[in-house]
Each structure stands twice: as C-alpha cells, then as structure tokens.
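Line by line, the protein sequences give chains V and X. This note's numbering puts the first sequence at residues 323 to 693. This note's numbering puts the second sequence at residues 323 to 693.
Calculated from the structure, these hints are not laboratory results. A few of these clues could be false.
[What the hints assert, rightly or not] Below, in silico cross-link-like pairs of lysine-lysine (DSSO-like), each with a Cα-Cα straight-line distance of 30 Å or less:
{"#": "1", "chain 1": "V", "residue 1": "K364", "chain 2": "X", "residue 2": "K364"}
{"#": "2", "chain 1": "X", "residue 1": "K666", "chain 2": "X", "residue 2": "K325"}
{"#": "3", "chain 1": "V", "residue 1": "K397", "chain 2": "X", "residue 2": "K618"}
{"#": "4", "chain 1": "X", "residue 1": "K618", "chain 2": "V", "residue 2": "K364"}
{"#": "5", "chain 1": "V", "residue 1": "K330", "chain 2": "V", "residue 2": "K618"}
{"#": "6", "chain 1": "X", "residue 1": "K610", "chain 2": "V", "residue 2": "K397"}
{"#": "7", "chain 1": "X", "residue 1": "K403", "chain 2": "V", "residue 2": "K618"}
{"#": "8", "chain 1": "X", "residue 1": "K364", "chain 2": "V", "residue 2": "K618"}
{"#": "9", "chain 1": "X", "residue 1": "K403", "chain 2": "V", "residue 2": "K610"}
{"#": "10", "chain 1": "V", "residue 1": "K498", "chain 2": "X", "residue 2": "K618"}
{"#": "11", "chain 1": "X", "residue 1": "K606", "chain 2": "V", "residue 2": "K364"}
{"#": "12", "chain 1": "X", "residue 1": "K618", "chain 2": "V", "residue 2": "K606"}
{"#": "13", "chain 1": "V", "residue 1": "K618", "chain 2": "X", "residue 2": "K606"}
{"#": "14", "chain 1": "V", "residue 1": "K364", "chain 2": "V", "residue 2": "K397"}
{"#": "15", "chain 1": "X", "residue 1": "K610", "chain 2": "V", "residue 2": "K606"}
{"#": "16", "chain 1": "X", "residue 1": "K498", "chain 2": "V", "residue 2": "K364"}
{"#": "17", "chain 1": "X", "residue 1": "K520", "chain 2": "V", "residue 2": "K403"}
{"#": "18", "chain 1": "V", "residue 1": "K403", "chain 2": "X", "residue 2": "K403"}
{"#": "19", "chain 1": "X", "residue 1": "K397", "chain 2": "X", "residue 2": "K498"}
{"#": "20", "chain 1": "V", "residue 1": "K610", "chain 2": "X", "residue 2": "K397"}
{"#": "21", "chain 1": "V", "residue 1": "K397", "chain 2": "X", "residue 2": "K666"}
{"#": "22", "chain 1": "V", "residue 1": "K520", "chain 2": "V", "residue 2": "K498"}
{"#": "23", "chain 1": "V", "residue 1": "K606", "chain 2": "X", "residue 2": "K397"}
{"#": "24", "chain 1": "X", "residue 1": "K520", "chain 2": "X", "residue 2": "K325"}
{"#": "25", "chain 1": "V", "residue 1": "K544", "chain 2": "V", "residue 2": "K562"}
{"#": "26", "chain 1": "X", "residue 1": "K666", "chain 2": "X", "residue 2": "K618"}
{"#": "27", "chain 1": "V", "residue 1": "K403", "chain 2": "X", "residue 2": "K364"}
{"#": "28", "chain 1": "X", "residue 1": "K495", "chain 2": "X", "residue 2": "K428"}
{"#": "29", "chain 1": "V", "residue 1": "K403", "chain 2": "X", "residue 2": "K618"}
{"#": "30", "chain 1": "V", "residue 1": "K520", "chain 2": "V", "residue 2": "K428"}
{"#": "31", "chain 1": "X", "residue 1": "K364", "chain 2": "V", "residue 2": "K610"}
{"#": "32", "chain 1": "V", "residue 1": "K618", "chain 2": "X", "residue 2": "K520"}
{"#": "33", "chain 1": "X", "residue 1": "K544", "chain 2": "X", "residue 2": "K498"}
{"#": "34", "chain 1": "X", "residue 1": "K364", "chain 2": "X", "residue 2": "K520"}
{"#": "35", "chain 1": "X", "residue 1": "K610", "chain 2": "V", "residue 2": "K364"}
There are 2 protein chains.
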Amino acid sequence: MLKFEILKEDRSTKARRGIIYTAHGTVETPAFMPVATHGSVKAMTPIEIENLGFEIIVVNAYHLYLRPGYGSVEKLGGLHKFTSWNHSILTDSGGYQVLSLSKVRKIKEEGILFRSHLDGSEHFLTPEMSIEIQKGLGADIMMCLDECPPYPSTYEYMSNSVELTRSWASICKEEKGDSDNALFGIVQGGVFSELRRKSALELLEIGFDGYAIGGLGIGESKEETFETVAFSLSFLPEDKPRYLMGLGLPEDIVEAVSMGVDLFDCVLPTRNARNGTLFTSHGKMVIKNAQYAEDKTPVDEDCECYTCRNFSRAYLRHLYQAGEILASRLLTFHNLHYYGRLMKEIRGSISGGEFSSFRTQFQSTGGLDKN
Amino acid sequence: MLKFEILKEDRSTKARRGIIYTAHGTVETPAFMPVATHGSVKAMTPIEIENLGFEIIVVNAYHLYLRPGYGSVEKLGGLHKFTSWNHSILTDSGGYQVLSLSKVRKIKEEGILFRSHLDGSEHFLTPEMSIEIQKGLGADIMMCLDECPPYPSTYEYMSNSVELTRSWASICKEEKGDSDNALFGIVQGGVFSELRRKSALELLEIGFDGYAIGGLGIGESKEETFETVAFSLSFLPEDKPRYLMGLGLPEDIVEAVSMGVDLFDCVLPTRNARNGTLFTSHGKMVIKNAQYAEDKTPVDEDCECYTCRNFSRAYLRHLYQAGEILASRLLTFHNLHYYGRLMKEIRGSISGGEFSSFRTQFQSTGGLDKN
C-alpha cells in the first residue's frame, strides 16, 4: 500500500510539498533517504536517524541477499524487525550493485549472471527473484530490476538496454501481484532524450506506485544531468512520487526539488563524513586540514547538532587523524543533521510559498545559513 | 587535590566501599575506569560513558604527547575541555606504552629513549617531562613514570628496575610540587615478593595520593598475579586509593576487590566488543559464531542495555560480519553496560554487607545474573 498526497505546489517552480503514506507511517516530501547499505546507516543507530528527522531509509537488496540472505531476514521477521527501524524502508532492486560491484557478469534477457563480490559464488538475478527478495525483506517500497549502463554508452546499446529494463519492469509488476509492498518503476535512457521519453511512457503504461529516474550522476555533466531530470519528469504523472536515484549534493537536491522531485538518496553525507568532509553553512569543510589543529570553534557555529554543541574542530581533527570510530560517528551525525535541516527548510519554504527565495539564498551562500 | 573516604569495610574480606573526590567530582569505589587511549573511549561518546555510570576514564599520555601534542591540548583548555568529558581523568605516565609500542628504545637512568610508533621520530621521556605532560593535559590523577619489565625477567634485572622506578617516582613527586593534580606511585617488582615489598615501602616513604600495582597481567599465572596483588596490598596504607593497573576480567575484578583494590582499568570490555566477544550473565559470547545467524533473542535476556533491548543476536552478528561501525558501537555499549552493572553490584553488595555472597554467586554462575 502506498498513498501520495500533495499538500502544496510552489507557484514559481515545479517544487511540491507532499506526504507519502506507507504501511510504516508517513514520509513528508521532499525527503532525503539515508542509505543503510547492509541494514544500518553507517555509524548510526536507528533512534538517532529517527531523531534527526528521517522517516525512510534505503537498504540494498543485493547486499542483504548475499549476506545474511533474504531468507534469514524473512525468518527473523523482515527488515524492520531485523534492523529495529520502525519507519518506512525502500529497497533497491540489486541491479545497480550487481553491475557496479560484481566482477564477472553477463546480462541476458532473463536476468543478470554475476559473481558475488564477497566469495565469488555465482548467482543469476532475475526480475522475478528481485521482487521475491524485496518482498521477503518486507520493503515498503520496492524498486524494479533495471539495467544501469555506464556513461558514456552508445545510443544503440542504450536503446536495447531501455527495452530490457521495460521488459523486466513488466515482469516485476506482475510478480508484485496484489502484495502490499509498493513498487516503483525506473526511467532509464542515459542522456538520450528520445530514450528517456520512451522509457518513461512505457513505464507509465505498465503503471507503478511511483517513478524513479535512474542512471544519472555517473559521469555526465551537471548540465546533462539536470536537462535529463527535467525532461524525464515532464512525462511522469503529478500524482505519484518521483525519486531521483543516487544524486544528493545539497545544491543538486535544491535544484531537483525545483523541478518536482520528491525523494532522494545518496551516500554522500555518510561517506563524506567518514572521509572527514563536512557540510556546513559556509560550504564544505575538510576536517583533517592542518589549519584546524588548534581550532577551538565548532565545525559550524550555526549548527545545533550534538557534535557542534560539544566538540571543537581540533578535537574532531584529532579523532579523525587517530582513526577513532568516534570521528565517524560525530562527523556522520553532523552531516546527517545538516541534511535533515536542509530537507526541513526545503519543505518549510515550499509550505510557506518561499521556496524560490530559499533557493536563491541557498545558491548564493553555498549552504544553509540559519539553524 | 584528592580526597579519599572509606564508607564501609567488608567484614569477611578486605573489600571496601569508598569515594574519591577530585577537582572534577566524585568517584564511587570500587570503580572501573574505561580506557580512552586517544582521548575517546573507543566508539563511545562522553555522554554515553557518563550515562553508563562511569565517573573516571583513563587517557594515555604517550599517545596524546605524540598526537596531537600535549602543548596543543593545553592550549585548547586541557583534556576535559578537549574531550568534552567533565568528570575525572587519570592519565598514565606513558612508560608502559613507550615500552610496549615503540620499536627502538633505551632505558637510561634519566629516562627512556624511544622512537614514535607513528613516524619514527626520536623522543627522550624523562620523569620530569612525564609530569609536565600530565599536568599540561590537566589530569586529575597523574601516574609516576615507571619501568614495566616483561615477564619473565631475572631477579637482577627486576631489582635494578625497581630501583630505577623508585628514583623516577621521587623525581615525579618533586616535579608535581604543590600542583592540584594528584599523583599515584606504582609498585613494581614482578612476581618477586621481596622486590614488591621493597618497591611498596620505598614509595610509601616518598608519599603519594594513591598507590598502583603495576607490571601484572603480562604473562604470569593467575595464581602469581593474585599472590602478588595480595602481598603488595599488604604494605599499602588503608586510607589511600589502590589501583590495579590493566587487569580487568570481571572475575579478576571481583577477586581483587575482595583483596582491597579500589580502582581498575582495562581495554577488555571495549577491545573484546570490537572483536565480537561479549560479557553476559551466562559468561562470554562470541557473536560471530554461526549458531547466532538466525537467533532472534537478545545477547543477554537479563540485560536492559540499549543493545539488548533493541537488537537480536542475528542482527549483531550480521553487522559484525559486514564490518559495520554500528557493530562496534552496539557491542561496546553492551560490554560497558555490563561493567557498569558489575561495579554497581559490587559497590551495592559491600554497602549492604553482602559482598561475600555476591562473590560466591558470581564465581558459581560465571556472570551477573540479575539486572
């Protein structure tokens, strides 16, 4: 089951403010979904994620399929029970990970032949299996198995790929049957507008609970990215949630929201944190830089997060240099707090009819400038 | 400044219940001090350590001397401000780490010549410097620089070493002057009772705020350990805190408390956690074992910690296998909760005049059996 309600549409952009209802609660949109690759948002507890204001996380079906196995997760009561996360969960199909992580693979009409990146064991992932896995995991929102070709790909390759993705989407829809798990289709087609149009229209014909735009942020220029996002969105129905997969720089989120995107996921806030890069009111900060060695001030004076309220740049730099787990914790906490604030301010500005001025201000300052 | 008050003495053992007052608050004894090697109890925030009931932590002067440098920590307002830990801090002298971590070294009458384990740079650590560093860090309790020879060592080597440790202790005492930072002497002498006696009596003559027993738990038998502890304690004054360095298996703590030890530190609860080994009511548990792959139950049914209230053995095993930081966090939290409970029950049982029966029960069940 999935219901989507639009609460407010921005006058001067295509931004919209909505609510997604799933079996595990509501998701206020536009929303950012932290990535919990193996069923844990790296370095964070579920209660922390909840307290930071997130209502939905993304879990990787590929990783859990290989370890601990979706059968095990199912026996243990599904992902929500397993991870102790009681809000909504979106699972990806596994397609992207199979193509990016596994070494040996072959894409056939029936599915993808690949070797596990963990132990080299051979697996054949079909659209039917992908849905079976995601159902077993107990996803609130499942994603169709798709092919995400590298950038650049030829028109011919991409054209065949879009056809394959359509065919798999159709099988996924059938396999979903009347289950309660919602299912999103994924628009592919690279940077070829003709193929994006074809992909979008074909998915619409099959009919899904929501639509994602995939295959971007993999090497194409920013201009190409956003042309493709805007073009793809133009074919997608207003009354269904729209999810831009994998793209998540703060400025990208603001831009895509203005085009009408409702959902985002990205490893940036968590991965950057573990690499010592922070998002602040004044732009990015690389905490390991020597200039912070004796800096008593917090990462961001305008931030009210636990990290900024309690620790200096000098201490965080020291923890990072010493390889302390606490560095990953505190930096991740800060970055996710930043993303939580960002989405809250985006939603607030749409509700208040001030999204355009928020966007202008955000673009000119390079960050959030109030708490 | 340091004040020690004994609240209650056990009738049938030498266990005692007390309070240490430092410039940063009270420490109810017997107390366990979590180890914050680089100024952070691994994987934990200061507020978590506080909420688990700990009132004092141990920080390694050697590590902070090398990185970020004690001068930096001093400029940043001292360890308490730097780490955001507002309760008591004990710093070790650096002697043990110099001898165990640095590759090239030479022990001279004036100090220890060593190369940093980080960058190979050469340093000469003297007792004067050790106190200067610990003062700079702002320790509530400083430790004398000592030599901790390996096990086994010859009587002759140990005899010279005890003489060196005495000479350094004397310099440390002088260097402390009338500063507010308390200073503990360290009884050495290996497993040679004659040398332990000599070491203890010489330190007493110099006079310290408290006394530690060092050089144990490095390869000698348990029998030797506890014979040496009991023998060394017999020379130490009743009215000063006694600290058994580095030994911290739960059963060792209970045993040493019965002999009159007040303070403990050990990396076991935190290090074991990161290696997947847990302390429970029923003894140790190795979470990575295959038997827990589909085990829905918590680590310890009798434990009320966040980990046990929210997560199954299966999920913790999965996180551990996947190398997730959350595994280190949740397992460390559980182990420290266990140690927090252990010390609380020890203190409660001494106060209630029931330490002997607590000890008997603990020894027969191999763990705490009520929450």
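Right, here's what the structure says about each hint:
no.: 1; hint: V:K364 to X:K364; result: holds (16 Å)
no.: 2; hint: X:K666 to X:K325; result: holds (21 Å)
no.: 3; hint: V:K397 to X:K618; result: holds (9 Å)
no.: 4; hint: X:K618 to V:K364; result: holds (22 Å)
no.: 5; hint: V:K330 to V:K618; result: violated (43 Å)
no.: 6; hint: X:K610 to V:K397; result: holds (19 Å)
no.: 7; hint: X:K403 to V:K618; result: holds (10 Å)
no.: 8; hint: X:K364 to V:K618; result: holds (22 Å)
no.: 9; hint: X:K403 to V:K610; result: holds (20 Å)
no.: 10; hint: V:K498 to X:K618; result: holds (28 Å)
no.: 11; hint: X:K606 to V:K364; result: holds (27 Å)
no.: 12; hint: X:K618 to V:K606; result: violated (42 Å)
no.: 13; hint: V:K618 to X:K606; result: violated (42 Å)
no.: 14; hint: V:K364 to V:K397; result: holds (24 Å)
no.: 15; hint: X:K610 to V:K606; result: violated (38 Å)
no.: 16; hint: X:K498 to V:K364; result: violated (45 Å)
no.: 17; hint: X:K520 to V:K403; result: violated (60 Å)
no.: 18; hint: V:K403 to X:K403; result: violated (40 Å)
no.: 19; hint: X:K397 to X:K498; result: holds (20 Å)
no.: 20; hint: V:K610 to X:K397; result: holds (19 Å)
no.: 21; hint: V:K397 to X:K666; result: violated (38 Å)
no.: 22; hint: V:K520 to V:K498; result: holds (23 Å)
no.: 23; hint: V:K606 to X:K397; result: holds (26 Å)
no.: 24; hint: X:K520 to X:K325; result: holds (26 Å)
no.: 25; hint: V:K544 to V:K562; result: holds (25 Å)
no.: 26; hint: X:K666 to X:K618; result: holds (29 Å)
no.: 27; hint: V:K403 to X:K364; result: holds (28 Å)
no.: 28; hint: X:K495 to X:K428; result: holds (23 Å)
no.: 29; hint: V:K403 to X:K618; result: holds (10 Å)
no.: 30; hint: V:K520 to V:K428; result: holds (25 Å)
no.: 31; hint: X:K364 to V:K610; result: holds (19 Å)
no.: 32; hint: V:K618 to X:K520; result: violated (47 Å)
no.: 33; hint: X:K544 to X:K498; result: violated (35 Å)
no.: 34; hint: X:K364 to X:K520; result: violated (37 Å)
no.: 35; hint: X:K610 to V:K364; result: holds (19 Å)
Of the numbered hints stated above, those contradicted by the structure are hints 5, 12, 13, 15, 16, 17, 18, 21, 32, 33, 34, listed in ascending order.
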